[in-house]
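S.K.: Starting from the known structure of chain A, fit chain B onto it as the hints suggest.
Okay, here's what each chain looks like letter by letter:
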Amino acid sequence: DTAVSQTPKYLVTQMGNDKSIKCEQNLGHDTMYWYKQDSKKFLKIMFSYNNKELIINETVPNRFSPKSPDKAHLNLHINSLELGDSAVYFCASSQSGTTTQYFGPGTRLLVL
Amino acid sequence: GENVEQHPSTLSVQEGDSAVIKCTYSDSASNYFPWYKQELGKRPQLIIDIRSNVGEKKDQRIAVTLNKTAKHFSLHITETQPEDSAVYFCAARDNQAGTALIFGKGTTLSVSS
Chain A
1 DTAVSQTPKY LVTQMGNDKS IKCEQNLGHD TMYWYKQDSK KFLKIMFSYN NKELIINETV
61 PNRFSPKSPD KAHLNLHINS LELGDSAVYF CASSQSGTTT QYFGPGTRLL VL
Chain B
1 GENVEQHPST LSVQEGDSAV IKCTYSDSAS NYFPWYKQEL GKRPQLIIDI RSNVGEKKDQ
61 RIAVTLNKTA KHFSLHITET QPEDSAVYFC AARDNQAGTA LIFGKGTTLS VSS
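First to last, the protein sequences are chains A and B.
Under my numbering, think of the first position of the first sequence as 1, with each following residue one higher.
Under my numbering, think of the first position of the second sequence as 1, with each following residue one higher.
Don't read these hints as lab results, they were simulated from the structure.
Keep in mind that the hints are not guaranteed to be accurate.
[What the hints assert, rightly or not] Taking lysine-lysine and the BS3-like style, the derived pairs with C-alpha atoms no more than 25 Å apart in a straight line are:
1) A:K40 to A:K71
2) A:K19 to A:K41
3) A:K19 to A:K71
4) B:K68 to A:K44
5) A:K71 to A:K9
6) B:K42 to A:K36
7) A:K40 to B:K37
8) B:K68 to A:K40
9) B:K42 to A:K22
10) B:K71 to A:K44
11) B:K71 to B:K57
12) B:K57 to A:K36
13) A:K71 to A:K41
With the rest of the complex left out, here is chain B:
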């Protein structure tokens, strides 16, 4: 089955800096890679996703890149703000009906002002 590794487990940056979180996956059948943000005591919220036919996707300060050959994908947050502080999860899945997301173990991002 799919296995998703995520690094680093914790990341501390100064406000305005960039943050990068990296994930690798094992199953070449996976073709969908979302990123979720989870604030303390809240539900995971989808912030950006990428499909395997795309190499990069941007949404304002957030971007995701995918290297299918290397089975790597990364989340990039630019101009970080204190409200970006949260736990970020990467995930992977294929598109079979009912397939669940396989999550990485999460990265706790702290942005200090």
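So that you can see chain A by itself, here it is in the shape it has in the complex:
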């Protein structure tokens, strides 16, 4: 009965490759987010979607493209991976009108 799940948990890849991370929530929430946690543990918002519409698109390279096929899913596709993309990527969800955000387990991306 996992609330917010992500796949894969670990991702090791070479520079220049393209990869995707998937996120699913079964909480019935209408808003989903992607956060990046760098090596210094700093958590920063990348994107948020509300009812499948992009609400926040922080200053991230356009190599990162989120896709929300439905309210329960928010995927992150990354083109031409670079060393600096190595980080932990967390998906989260919340419901409009409430405030609590629930985080997924994270995807640890290592670019070699």
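M.R.: The following block gives chain B in isolation, referenced to the frame of chain A:
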């Protein structure tokens, strides 16, 4: 946009002592202030939160205080235990749909027995 400052970056206490972590925020529109605990290799977990219409909230050994005028909020942990050792993040946001949490840079709390 919102900016959240968090201090200290590291905090070491003896078991049984109290620990206090402080945050300031910049955007007066922010009205929700959660605290997350992140253990090594795990996801951030909400431990307590406070809304701007409340000055203080307690949950067992954990309390949060908010000073809206000064744009300060603090986490207080009493009777610390080794299992309290983790990274703690404060955050702030307003209540617009889709608004994300803006996090402080985290405090690494170490509780030694």
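S.K.: Looking at the structure, which of the earlier hints fail to hold?
M.R.: Hints 1, 8, 12 and 13 are the ones this structure does not satisfy, whereas the remaining hints hold.
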